[in-house]
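Read off the chains here:
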Amino acid sequence: MSLADFKLLRPRTLDEAISLLAPQAGEGARATRVIAGGTDLIPSMRQKLFEPEYVLDIRQIAELKGIRETEQGTEIGALTTLSCIERSSVLKQHYPVLVEAAKTVASPVIRNMATLGGNICLDTRCLWYNQSLTWRKSCGFCIKKDGDLCHVAAGGKKCWAAFSGDTPAALLCLEAEIELAGPQGTRRLPLNDFYTGEGDSYRRLQLNELLTRIILPKATADLSGTYRKLRIRGSIDYPLAGVAITLKCLNGHIESGRIALTAVNPAPVLVKKASEVLQGKRLDEELAELVGDLAAKTAKPLTTSALTPEYRREMIRVFTKRALLALAN
Amino acid sequence: MDAIGGVLCRCTGYRKIISAVIDAGREQILMSSAPAGTAVGNRMVRLDGLAKITGKEIYGADEIPSGALLLRVIRCPFHRAGFQFGDLEKYAKQNAITCVLTAKDVPGENRYGVIPKFADQPVFAESEARFKGEAVAAVAGAQAAVEKLDLTQFPVVWNELPALMTIDQALTPGAPQLHHGREQNVLVRGRVVRGDVDAALRNAEITAELEVETGFVEHACIEPEAGFARRAGDTIEIQACTQSPYMDRSDIARILGIAEASVRIIPTAVGGGFGTKLDLSVQPFLALAAWKLNLPVRMVYSRTESMISTTKRHPARMWAKAGAGRDGKLQALDFRADFNTGAYSSWGPTVSARVPVHASGPYFVPHYRALTRAVHTHLVPAGAFRGFGVPQMAIAQEQLYDELADRVGMDRLEFRILNSLTNDLPTVTGQVLGEGVGIRACFEALRPRWKAARKEAVDFNSSAQHLRRGVGVAGMWYGCGNTSLPNPSTMRVGLKSDGRIALHQGAVDIGQGSATVVTQICADALGCSIDRFDLLSGDTSITPDCGKTSASRQTFVSGKAAYMAGEALRREILRLVKACDCAKISFENGSVEVHEDKKLHRISLADLPIDKHGYVLTAEATFDPPTRALDENGQGMPYAVYGFGAHLAEIEVDTELGTIKVLRITAAHDVGRAINPTLIEGQIEGGVAQGIGMALMEEFFPGKGENLHDYLIPSAGDIPPIESILIEDPSSIGPYGAKGIGEQAVIPTAPAILNALHDAIGIRLRKIPATPDRVRAEILRCGITGASRG
Chain A
0 MSLADFKLLR PRTLDEAISL LAPQAGEGAR ATRVIAGGTD LIPSMRQKLF EPEYVLDIRQ
60 IAELKGIRET EQGTEIGALT TLSCIERSSV LKQHYPVLVE AAKTVASPVI RNMATLGGNI
120 CLDTRCLWYN QSLTWRKSCG FCIKKDGDLC HVAAGGKKCW AAFSGDTPAA LLCLEAEIEL
180 AGPQGTRRLP LNDFYTGEGD SYRRLQLNEL LTRIILPKAT ADLSGTYRKL RIRGSIDYPL
240 AGVAITLKCL NGHIESGRIA LTAVNPAPVL VKKASEVLQG KRLDEELAEL VGDLAAKTAK
300 PLTTSALTPE YRREMIRVFT KRALLALAN
Chain B
0 MDAIGGVLCR CTGYRKIISA VIDAGREQIL MSSAPAGTAV GNRMVRLDGL AKITGKEIYG
60 ADEIPSGALL LRVIRCPFHR AGFQFGDLEK YAKQNAITCV LTAKDVPGEN RYGVIPKFAD
120 QPVFAESEAR FKGEAVAAVA GAQAAVEKLD LTQFPVVWNE LPALMTIDQA LTPGAPQLHH
180 GREQNVLVRG RVVRGDVDAA LRNAEITAEL EVETGFVEHA CIEPEAGFAR RAGDTIEIQA
240 CTQSPYMDRS DIARILGIAE ASVRIIPTAV GGGFGTKLDL SVQPFLALAA WKLNLPVRMV
300 YSRTESMIST TKRHPARMWA KAGAGRDGKL QALDFRADFN TGAYSSWGPT VSARVPVHAS
360 GPYFVPHYRA LTRAVHTHLV PAGAFRGFGV PQMAIAQEQL YDELADRVGM DRLEFRILNS
420 LTNDLPTVTG QVLGEGVGIR ACFEALRPRW KAARKEAVDF NSSAQHLRRG VGVAGMWYGC
480 GNTSLPNPST MRVGLKSDGR IALHQGAVDI GQGSATVVTQ ICADALGCSI DRFDLLSGDT
540 SITPDCGKTS ASRQTFVSGK AAYMAGEALR REILRLVKAC DCAKISFENG SVEVHEDKKL
600 HRISLADLPI DKHGYVLTAE ATFDPPTRAL DENGQGMPYA VYGFGAHLAE IEVDTELGTI
660 KVLRITAAHD VGRAINPTLI EGQIEGGVAQ GIGMALMEEF FPGKGENLHD YLIPSAGDIP
720 PIESILIEDP SSIGPYGAKG IGEQAVIPTA PAILNALHDA IGIRLRKIPA TPDRVRAEIL
780 RCGITGASRG
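Protein chains in written order, with numbering that gives the first Met the number 0: chain A, 0 to 328; chain B, 0 to 789.
Quick caveat, the hints were computed from the structure, so don't treat them as lab data. One should not assume that every hint holds.
[Said to hold, decoys possible] Each computed PhoX-like pair below joins lysine-lysine, with the alpha-carbon atoms no more than 20 angstroms apart: (1) A/6 <-> B/703; (2) A/136 <-> B/766; (3) A/64 <-> A/91; (4) A/247 <-> A/272; (5) B/597 <-> B/320; (6) B/320 <-> A/136; (7) A/102 <-> A/136.
[Unchecked claim] Far from chain B by the CB rule (all over 12 angstroms, computed), these chain A residues: (8) 53; (9) 126; (10) 132; (11) 304.
Keep in mind it's a predicted model, so treat the numbers as computed, not measured. Glycine residues also receive a C-beta, built at the ideal position from the N, C-alpha and C atoms.
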């Protein structure tokens with residue numbers, strides 16, 4: 000599968016990037032795509048999932064790189080690679096859950112290229128979507144691209160392609176905010192509001208906007224946390240189910256706790272009732288079971304990925320329970 | 000291991016890569032030379048090693064003749080469909096394509112197949128395509144024009160037809176028949192019967208029964224099929240990756256309707272074959288285009304194209320019942336298997352024939368019946384994949400024997416030792432091997448680790464919560480070479496006037512290292528140091544026929560031919576000076592010295608005439624292992640030599656997750672004589688990795704998952720430490736006693752892991768691979784204590 004022709008734009012500053020992006024945003028499959036690490040975009044372009052006229056390469060924009068401690072918390076440039084996240088002593092010390100999640104992404108070689116911004120913006124995935132053009136055509140084009148069928152939920156009108164990034168689950172637990180830059184300036188929103196829950200139009204990012212920064216608030220620094228990932232192989236693969244948890248405990252009681260899931264819904268999601276249920280309690284087997292059930296109920300896995308949906312939902316329950324008990328000890 | 004986590008390797012099993020990387024930083028001596036007569040048994044460096052690590056080796060896609068056109072194939076998008084072409088000329092003109100090829104453009108027979116008697120696969124389907132991915136047409140033209148094409152726009156109208164997707168559908172009376180003369184879609188049946196199995200099972204004090212199914216397995220060679228062809232006058236030359244240049248030559252000659260002598264096959268280096276590169280892939284398309292256009296034409300399969308169109312491991316549906324006495328002695332085995340052979344015959348007949356010969360395992364079974372069928376469906380053809388069906392069969396048979404041992408109340412390893420085949424006991428085909436039956440030695444070599452591992456597992460399990468450890472063992476035997484069919488190899492070795500040795504060896508080295516092994520053997524037989532050798536490898540115009548690289552035959556058959564050729568050349572040299580057999584030869588630049596007692600003969604090579612091969616002396620030798628046809632009950636002598644082996648798997652099961660982690664594999668193999676221990680370990684570790692894949696994750700669904708993101712092969716993180724134990728119980732037939740190892744290595748891994756799974760938590764799956772969702776579902780179904788709800 001060869002890469003189709005496209006025009007490469009290589010801005011050196013954020014302003015330049017926005018000025019290039021805004022007038023040439025394009026539409027649909029031809030819309031301009033932003034390339035950072037390229038580890039997801041390039042394979043997708045080979046499969047003709049995107050056929051952009053322009054590709055905007057933002058890798059030379061220095062201001063989008065690096066990790067900075069500020070008064071409000073810690074800011075991470077969207078271009079920061081996952082390897083940098085893994086190695087960052089600041090993050091290891093204050094936001095261990097993010098480091099743990101970053102470490103599970105793909106493989107070291109890919110993490111050297113892949114960026115945190117890219118992992119947040121990662122396209123949703125489905126066995127019926129991430130395939131070659133010939134293959135998709137032979138099965139019938141689906142809602143997410145070129146068609147109106149859903150092979151996962153027959154007769155359905157909603158796209159269920161699964162969000163399969165690892166780090167966003169951790170970021171949700173850290174109440175991360177993101178900064179988007181566009182022609183009208185920058186706007187900031189909680190990461191949780193970035194995702195729509197729809198498999199096809201899965202994120203709230205205007206065609207002329209760029210994700211520039213991830214802000215981890217001071218309030219969630221130093222929480223204990225962990226990330227659990229289901230995959231068949233010992234490396235490389237996307238999560239088939241993922242659970243991130245952060246906890247703050249005082250004298251054996253939970254002051255606050257957050258749980259987020261990935262790879263089992265069209266968006267990474269917080270388990271809403273979990274925080275409420277956990278608050279003020281002492282963590283024991285029974286509570287862990289209860290919260291595990293809550294998490295499993297939040298998960299809506301379908302046949303978008305390998306292994307049966309029932310199994311993947313069950314693993315959300317097991318992972319949640321185990322992760323809670325591990326953090327309690 | 001984590002550092003190479005994202006790198007896929009299908010040959011090595013990763014562990015040797017790590018040791019090589021670690022070794023590269025150390026000062027150490029690599030054995031690239033050895034004194035005359037000491038090459039065999041040493042860890043000689045691969046002769047092609049330097050070319051491989053410096054990137055100089057030429058693989059299928061590496062060479063592009065100037066002015067070469069690019070070729071792409073249009074494939075059927077349905078499991079079964081009729082089709083009609085639109086205006087092809089107009090399409091070619093509009094898209095600036097040099098030519099479009101269809102079935103009409105095949106000058107000879109539009110039919111090929113690895114076994115001529117069963118040849119049934121068209122180069123291009125004629126009116127109906129029988130599997131999703133079957134070729135119906137090809138386009139050739141300038142690279143830019145052809146690369147740009149969206150082949151889904153090719154002018155063809157499809158008429159999708161109901162397809163047979165399963166063995167049951169294909170066997171249903173009234174089902175559409177794929178091929179004329181193959182009633183009920185049965186391609187072929189296999190049968191081996193000995194003694195009275197029904198009576199023996201009725202009378203057996205203890206019996207056990209088992210059913211199990213396996214799926215398609217993809218070879219996933221890291222190098223997809225690729226090559227080029229060009230016409231030179233009345234000769235067609237094809238340079239491509241292949242395991243079987245001489246078979247390619249015959250098929251291409253038939254397809255083009257020309258003489259075999261007009262076809263030249265030049266095999267490139269091969270980046271993994273495992274059986275799938277025995278069948279034609281790019282070659283017929285390239286040959287047709289280059290022949291018609293008189294221009295060089297090249298093509299490289301995409302990963303998806305390779306996965307949808309090339310052969311797979313046969314899915315097997317197996318049932319078996321075995322009986323033993325209270326003393327633990329095996330009395331009878333009844334075995335049945337149906338193989339889904341897909342749309343075309345490929346190696347289906349071989350799988351059906353080989354499995355019944357092997358289904359006893361390496362044990363003495365007096366009463367025996369094994370019946371097999373290969374059944375056509377509208378799916379991708381299943382063909383040869385490391386072991387010709389025997390790895391699937393071992394999954395049934397070795398699990399069944401574990402069940403039997405448990406019912407007898409015997410230790411599972413001791414049960415196997417008790418029942419091991421010996422030099423004197425007959426096999427299920429009535430053959431008494433008489434020598435080299437090293438299976439018992441393999442099992443005994445595992446005994447210390449077996450005992451220790453069992454104890455460690457029990458200790459671990461007594462305190463673990465969700466984790467359970469288990470230990471499993473499985474044995475195997477595997478006949479080297481074709482089943483009751485001739486499979487000769489011929490080697491030619493020439494002495495050049497400058498004192499160097501030319502070895503014309505047609506055995507295609509597909510990465511396993513046969514070229515090095517064959518040279519080691521020839522060097523010792525001749526009595527000459529290996530660094531004097533110049534290799535001329537696998538070009539059908541310059542090497543005699545060494546058959547195909549399959550059936551674990553190259554070390555054994557081609558190695559023996561190399562041994563005989565080396566000895567023959569030595570005799571020729573001695574004859575020149577009328578020296579006796581015990582004389583010692585030393586090779587110098589431009590001369591050869593023969594030392595006999597106190598006499599010294601010096602032969603000046605420049606004084607000798609040059610023969611028709613261009614050498615001062617030439618010797619050629621052919622070896623064909625002695626076999627005898629099987630009768631209607633499968634009795635006879637299918638192979639001259641068998642390889643034996645046994646693996647011990649230690650695993651950890653997470654009962655809540657259903658995941659299996661392989662902790663360690665100990666592999667004992669009787670290789671007769673280890674010609675090159677490093678290369679043998681390489682084969683074992685690579686075989687274990689494929690066995691782990693087969694046991695735990697690999698299942699190809701035609702029409703789905705046609706890429707290496709969805710089809711999972713083991714990564715570095717999935718491969719445990721592997722200890723190889725080499726047993727040398729020599730065969731007097733093989734070179735220096737050697738037997739094959741290529742396929743033997745993969746067979747026992749999967750059943751050993753599945754036996755370990757049973758040992759750990761007491762479950763046996765009906766469907767393999769043991770993916771975590773299947774394991775977890777079975778755990779819940781069986782209500783295994785402590786795991787029912789985490």
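Now the hints, each set against the structure:
| no. | hint | result |
| --- | --- | --- |
| 1 | A/6 <-> B/703 | violated, 33 angstroms |
| 2 | A/136 <-> B/766 | violated, 31 angstroms |
| 3 | A/64 <-> A/91 | holds, 18 angstroms |
| 4 | A/247 <-> A/272 | holds, 16 angstroms |
| 5 | B/597 <-> B/320 | violated, 68 angstroms |
| 6 | B/320 <-> A/136 | violated, 46 angstroms |
| 7 | A/102 <-> A/136 | violated, 36 angstroms |
| 8 | 53 | holds, 19 angstroms |
| 9 | 126 | violated, 6 angstroms |
| 10 | 132 | violated, 6 angstroms |
| 11 | 304 | violated, 9 angstroms |
When the structure is compared with the earlier hints, violations turn up for hints 1, 2, 5, 6, 7, 9, 10, 11 and for no others.
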